[in-house]
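Novice: Going line by line, the protein sequences match chains A and B.
So the first sequence is numbered by numbering that gives the first Met the number 0: it starts at 0 and just counts up by one.
So the second sequence is numbered by numbering that gives the first Met the number 0: it starts at 0 and just counts up by one.
In case anyone wonders, no lab produced these hints; they're calculated from the structure.
Any given hint might turn out to be false.
Stated by the list, open to error - Going by beta-carbon spacing under 10 angstroms, a handful of chain B positions derived as facing chain A:
no. : residue
1   : Q803
2   : R1016
3   : G1024
As the list claims (entries may be wrong) - Computed Cβ-Cβ distance ranges for the label pairs, DEER-style:
no. : chain 1 : residue 1 : chain 2 : residue 2 : range
4   : B       : D1038     : A       : R94       : 39 to 49 angstroms
5   : A       : N31       : B       : E965      : 52 to 62 angstroms
6   : B       : P1224     : A       : R94       : 43 to 53 angstroms
7   : B       : R1206     : A       : N31       : 56 to 66 angstroms
8   : A       : V120      : B       : G1037     : 24 to 34 angstroms
Claimed, not checked - Per the computed footprint, the stretches of chain A lying under chain B, defined by three or more beta-carbons under 8 angstroms from a beta-carbon of chain B, are:
no. : stretch
9   : 20 to 33
10  : 118 to 131
Don't be surprised by glycine CBs; every beta carbon is placed ideally from N, CA and C.
As a plain string of letters, each chain reads:
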Amino acid sequence: MTIDGGSRTRVLVVDDEAPIRLLCRVNLEAENMVVLEAADGLAGLETARAERPDVILLDVMMPGMDGWQVAESLVDDEATSHIPLIFLTARAELRDRAKGLELGGIDYITKPFNPVELAKVVEKLLDRVRRGERDELRREKIAELRTLLVE
Amino acid sequence: MGYLLLALAVGLLVAAVVLLRFVRRRNGEPDGNPSGPAEEPPPPPQRTPADPATSLSAGFARAPDAKTVARTLLDEVLALLGVEFAAVALISEDGKEATGLVARNDGEDVAWWPSVRIDLENEPSAIASASFEAAPMTIFDVESSPRVNRRLADRVGAKSAAFVPIVSGARVLGVLVAASTHRRRSFPPDEMARLEALAGETALAFEKTRSAERLQEALGRERLVAEIGRRVRSEHDVEAVLRVAVEEVGKATDVARCFIRLGEPGTPMPIRAEWDAPGVQPIGVAAPNLPVANLAVRKRRTVAAGDVANDPELEDPTLGRVETLLRLGTRAVLATPIQIFDQVIGVFGLHRLQPTEWNQSEISLAEAVAREVGLALHTAELLEENRRRLDRQAALVQAAQVMTSELQVETVLQRLVVEVTKLLEADAADCYLLDARRGVLRCAAVYGLPAELIEFEFPADRALAGEAMRRRQAVVSGDYAGEVDGPHAAYEGFTAAIVAPMIWWGDVRGVIGVGTGDPDRRFSAEDVEVLEAFASLGSVALRNVASIEQSSRQLRIQRGFFRIASVLAQPLSLDETLDAVAQAASEALGGSFAAVLMPADGGLRLAGSHELPGAVAELLAEGLGGAESLRDAALRKRVLASPNVEEDGRFGNDWQRLAGEEGFRSLVAVPVEAPRREQTGIGLVFFAEEQAFSDDEIELSHHLAAAARGALERAELFEAERRNRAIAQQLARTGTLLASELDPDTILEEIVAQAPGLVGADAATVSLLEGDELVVSAAHGEGAEAAIGSRVSAVGELAGEVVQSRGPLAVGDARTDGLVSGSDALLEAGYAAYLGAPLVGPEGGVHGVLAVYARGPRSWREEEVEALAALAGNVSAFLSNAELYQRVVLERERSMAILGNVADGIVAVDRDGCVVLWNAAAEEITDVAAAEAMGRSPADVLQRSLEPDETSAEGRGLIQIRRGEEEEVWLSVSEAVMRDPAGAVAGRIYAFRDVSSDRLVEQLKSGFVSTVSHELRAPLTSIYGFAETLLREDVAFGDEERRTFLGYIASEAQRLTGIVDALLSVARLEAGDLQVQFAPTDLREVVSDVVESAERELGNGRSFVVEIPEEPLDASADREKVRQVLANLVDNAVKFSPQGGTVTVAARRTHDAVQVRVVDQGSGVPQSEQERIFRKFYRAETTSSAAGGTGLGLFIARGLASAMGGRVWVDSDVGRGGCFVFELPMAVSDAQERRVGK
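Full structure from sequences and hints, please.
Specialist: In C-alpha cells, the structure reads:
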C-alpha cells in the first residue's frame, strides 16, 4: 500500500479538536492522500491497529489517553511499531519535542502550522523512511534538537 | 805432657791407618773402610742372580733382634762362600771385650758360641785385630797362625778364616767370622768385598734392632715405673704404699728379694716391706746389717754390687757384714736410698742369689721406684698429719662449745681435763686455779687422778705448774719423775708431763696439765700447742664464771633493752611511745616510776609517764620545778644521776620535799631526743632506794637514750605519715567535692569551709586579686564573715607577701611578729596564727590567696603548709574550670537563643545521628515538637532523612516531608558538619525552610505557560490553517465547505478572545482593577442563559438539568460577571463529567443570599484539594493535562464572586461528584456602583 505500489498514502490523524482534524483531511486529501481520523487517543490506537496507516499524525494534549501514551502503546505493539509517527502539537517546548522523538516519533510539527505544506512534509519524511533511513532521521532530529537545547 | 803424648799417639795411629789403606790399594786388596764402596763400587755379585744385599735387607727388616739379624747374615755368608762355619761376635762399647752372639754350622746354631768371651786387650785374636783396625782380614792357615785365638780356633776346627768388622759410624759393633773347616782356602777380594757389603748391611740392622731394643726396654721400664707409681700414689696408707712397691718391683724384675727399710740414717732402719721370690728366705732381723743398703744410705746414692763376695767397697765393717748377705744366699745387691727433699728416710733394695752386674735399666727402675715411694710416703705422712690436726681441731671446737654453753665453772673444767687427756692420748690431766691472795693453786678438776685431789692446794711457785706460771707459757718435762718434785703422791709414776698456764687479761689464773706414765710417750711441740689451746679455753670459762656475778644486773639490762626493742617494734603514736619510753627506762634501770618531759610552751612539759604518782605528775606538768640542772642535762644531751635527791644541791626545795613525800631517793635523767622535731626532752627514772650508779648503769642509760631516740623517730614518722594520709584524704575529699562544683562562688564557700579542717585551723579566707588590692571574697570561721569585702594591699604584708613570693607563708604567732596593723582583718579580729598560700592560675599568674587562721599561736608543720598549698593549687584549677564552664554555659545559652529565634528550622544531630537540637522553627515547619524529636534520628521523626533528594542551583537541597496526616511540605535544606578538634565528625546541623508555596507557584507557573501556550495555539492553528486552506488555489472548495471553514475561523477567534479575557480578568483581579457594575440581577435568567450556551457549545454528550424557583432570585451583582462565574463553574462541571453524565445547575434563595449549585457526576474534589483548586494556575491532578483549560477558571470565579461580595466554594467529597456553590448577597433596593479593591 505504497505510492510505489500505486496506492495512495494513508494518513491517520489523531486529534481531539475537530477543526484540526478537518484541516488535515481537507489539505491531505487535496494531495491525494487517504485520511483516517480519531478524536481521542484510544480511538487512535484502535484505528492504527485496524487500519495500519502509512503514517500517523498525533496530537499530544487530548483528554483521556494523551499523545504520549498513545505513542508508547503504538511502539510497544508489534503490529503498529513500524508505522512512522509524526507529532502534531501545540506543545512547543523543546523538552516536549525531545520527548516525542525519544518515544519513537520521526518528526514533531508544532501548531500553528501551515496545512498546505503538511502533505509535502509528510511525503518527504515518508520518502526517507521508505529508504530505510528512519533511525537515521530520528538521530538527525535529536541531534538538531540537542543543538537547540544547548543554545 | 800426657796430652802431648796422647796427641802424638793419635797422630801416629792415623798415619798408620792411612798408610795401611794405601798399601792395600796398591796390592789390590779391598779397602776395609765401609765408606769404600762409595768411591769404588764393589764388583757385581758372583753367585746369586738377585742382589743378595736386597734379600738380606728384607730379612733384616723383619728381624726382631740382633740374633735373628746375625742368623740371617750367617746363612747368607755360608751360602755365599760355601764354608762350614760362620759366626758373629759382638764388641763391647768400650771395645775391651768380645762376646759370642750367634754361630752357624750346617744350618744349626752353635750352642757354645754365645758363651764365648774374648778379652780383646789381653788375648790375641783375629777378632781383636779386625776390631781394632776396623778392617777385614783373612788367614789362610789358621792352624799355624799366631794371630788367632787358639782356644776358639781349635774349638771351631778352622782351616782358613776371614774376619770382617761390622762397623757403624766410628764404632765396631762386632766381627763377622767365616771359617772353612774342611780345607784351607783363600778368600779372594770379590768375596771379601761381598762380605764387607754384607757386614755393612748388618751394621745397619744391628743399629736398628739395638735402638728398637733400647726403646722397648726403656718403654717397659717406664711402664713399670708408671704402673708402680700409679699404684703407690693411689695408696694413702703408708704400709700399703710400701707393700705395693716391693711386690710390683719384685714381680717385674728377675730378683730374689725386694725390700724397703725406713728410718733415719744412723738408726737401725728396720725392714718395713719385703717381697721374696718363692722359696727365698726372708731377711728378717738381719736388716740393720745389710752392708750394700747401708752404703747406699751413707753415700746417698745407688750402689750396684754385682758380686758382694768380691766388692772392696763393702769391706768397711761399720756398714755391716757381707757374711750376712752370703748367709741369706745373696750374691748381687742393688740398693738405692729413698729420699724426701734431700733427706734420706730409707732404702730400697734388690737381691739376687747369683753374682750379676746390674744393668742401667735395672738401676733406673730401682731409682725411679725409690723416688715414687719417697713421694708417696711424703704424701701419706702429710695426710696423716692433716687427719690428726683435724681430730684435734674437732676436739677443741667441741670443748669450746662446752665451755661457752656451760656457766658452771666446775663442769667446764671437768670437761676440759677429760677432753685434753683423750686428745693428747695421755693418762691423766688436772686443772688448778690460782688463789692469788694466798699464793696457792687449788685443784679444780682432775681426770685419771684420784678424785680426792680436788680442793688440794699447793704453793703456786712449786713444781712444773710453778714454772709454767713463772714463764707464762707451757713447760714440758720428758722425765717427770726425775726432774719434778710432784706436789702430791698422786703424781708419782708419771714419766712425762706438760703444764700450761691459763691466762686472762694478762693475769695467770691457773694451770692445766697432762701427764703420762708411758715411758715411750714423748710430748711433742704439737701436743704443747694443744694444751695451750685448752688452757685458753679454760680461761674463757673462768671469765664467764667471773661474770656470773653480774648476771642478774645484766638480765635486768637485757630486759630493758627488750622492752625498748618491743616499743620500737610497734607502730605507736607519739604519746604512746613517750609512755613506753618511760616504762622502758623505769624497767631497764630498775626504777620505781618514770616520766618523760618534752619541750612545749617554751619549757619542758610532762609528755609521758610510767607509774608516776600524782604529786610528781603535778610538779612535772608545769616543768622541771626549778631543777635547772635537769634542763641543762637535756640540752647537753647528757645523763645525769643523783644518788640522793634530798641531799643533792642541784635540785630545789620542791624536789627535795617531793622526794620525801613520794618516797624516792635517787633519780637518773636521760636525754630523750625527738630527731624529726629537733627537740630534746628528758626522761626521769625514780628509785625508791638510794642507788650507787655503776658505770654499767650509766652506760645503759645512754643506750636507753639512743633507743628512745629511735623509738621516737619511728613514732614521729608514723605520726607524720598518719597526718599526711589524713591530709591527703581530706584533700581528695575536698577535691572530689569541688571538682563537681561549677559555680565559682560556691567553690570559694566550700574552700573556706574545708580548709580549716585540713590543717587543724579555726578559720579561713580566700582573697582575690583586684588590681593592686586583695579583696576577701569568702571567709569561714567565728567572726570571719565580717572580713568579707575587706581589702589589703597586694604588695603589703602577709597576703601581699604570699602574692609577691608566689609561695606559702606561715606565721606562728602574729602577736609577736610585729605586723603592721591593717595587714589582715582576721588577725586584727584576734586570730593569732596565719598560714597563706597563693592561688595560682593555669597560666601561672597569682590571682588570690587562700589563708587559714588559728586562734592561738601555733607552729605550722611542713606537711600542713604543703597541704594548704596543694588545696590552693586545686582551688585555682576549680575556679578556672568553673569560669570556663560559666563561659561555656553563657555561650551555649546565647547559641540556643540565636538558634531558637531564627526563622529557619535548625536541627542538630550528634555523632550518632540523634537529635540534640530542634528549634522552634523546626517545630513549626515539621509540626513535630522538640521534646518528641530529641534523642531520635530525624529519619525516625520525619519518616525520612534530611539528606536532600535533589540539590538546587544555590547548593541547597530539596526534600519533601509529610506534615501531619496528609500535607506534603517541601523543605530547602542546607547541612553543616561539626567536627571535633581531632577532625572527626562530631555531629551535623541542618537548616531548612518551608518552600512548599514557592515551589507550588513555580510549578503552577510552569504549567500555566505551557497551558496558555496550548490554549492560544489551538484556536490559532484553526484560524491560520483554515485561512491558508481557503487561500489554496489548487483545490476548489464548495460553499458548504467554505462556510464550515469560516465558521471555525469565527468560533476559534471567539475562543481566543475568551482566553485573552480570562487572562485579562486575572490581571485585573490581581491588580485590584476590576470594574463591577452592581445591579439587581435575576439569577434564574443568568443560569438559563449559561446552561443554554453550554448545551450549545460544550454539550458533547452531557445532559443538563436546571432547577430554578418560580419567583425571581434577585442578587445585587454585575450581571456579566455573574454570567462569567457561572460559565466557569458549568464549564468546569462539564469538563469533569463523564461521557453521558448529567450536570445539574440549581439556584435557590437562602436566609440572606442567593445560591447556585453546580453539581457534576465526576469523581469529586478531595478535601485536600478543595482550597487549592481556587489557586491561580491550579489544574486538578485527576484530570489529564490534555483536558485543557488555563487553570484560571475557578481563580477568576472566586475573584469575581468576592468582588461582588459573594463567594464560591466546594461542597463535595471524593466519589460523590463535584458540587460548587456560588453565593451572592440578595439585591438591595438601591442599585449602587462601587469600586472593589483589594
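Novice: Would you say the C-beta atoms of B/D1038 and A/R94 sit inside 39 to 49 angstroms of each other?
Specialist: holds (44 angstroms)
Novice: Taking a Cβ-Cβ distance under 8 angstroms as contact, does the stretch 20 to 33 of chain A have three or more residues in contact with chain B?
Specialist: That given contact holds, which follows from 5 residues of the stretch 20 to 33 of chain A lying within Cβ reach (below 8 angstroms) of chain B.
Novice: Is the interface hint satisfied for B/Q803? The criterion is a beta-carbon contact with chain A at less than 10 angstroms.
Specialist: violated (81 angstroms)
Novice: Taking 8 angstroms as the C-beta cutoff, is the stated coverage of the stretch 118 to 131 of chain A by chain B satisfied by three or more residues?
Specialist: It is violated, with 0 qualifying residues against the three required.
Novice: The hint names B/R1016 as touching chain A; please verify it with the least Cβ-Cβ distance against 10 angstroms.
Specialist: For B/R1016, the interface hint holds, since the closest Cβ of chain A sits about 4 angstroms away, which is under 10 angstroms.
Novice: If you check the beta carbons of A/N31 and B/E965, does the distance land in 52 to 62 angstroms?
Specialist: Cβ of A/N31 to Cβ of B/E965: about 58 angstroms, so the range 52 to 62 angstroms holds.
Novice: Would you say the C-beta atoms of B/R1206 and A/N31 sit inside 56 to 66 angstroms of each other?
Specialist: holds (59 angstroms)
Novice: The hint names B/G1024 as touching chain A; please verify it with the least Cβ-Cβ distance against 10 angstroms.
Specialist: holds (4 angstroms)
Novice: With respect to the beta-carbon atoms only, verify the hint that B/P1224 and A/R94 lie 43 to 53 angstroms apart.
Specialist: holds (48 angstroms)
Novice: Taking the beta carbons of A/V120 and B/G1037, is their distance inside 24 to 34 angstroms?
Specialist: holds (26 angstroms)
In terms of the numbered hints stated before, the structure departs from hints 1, 10, listed from lowest to highest.
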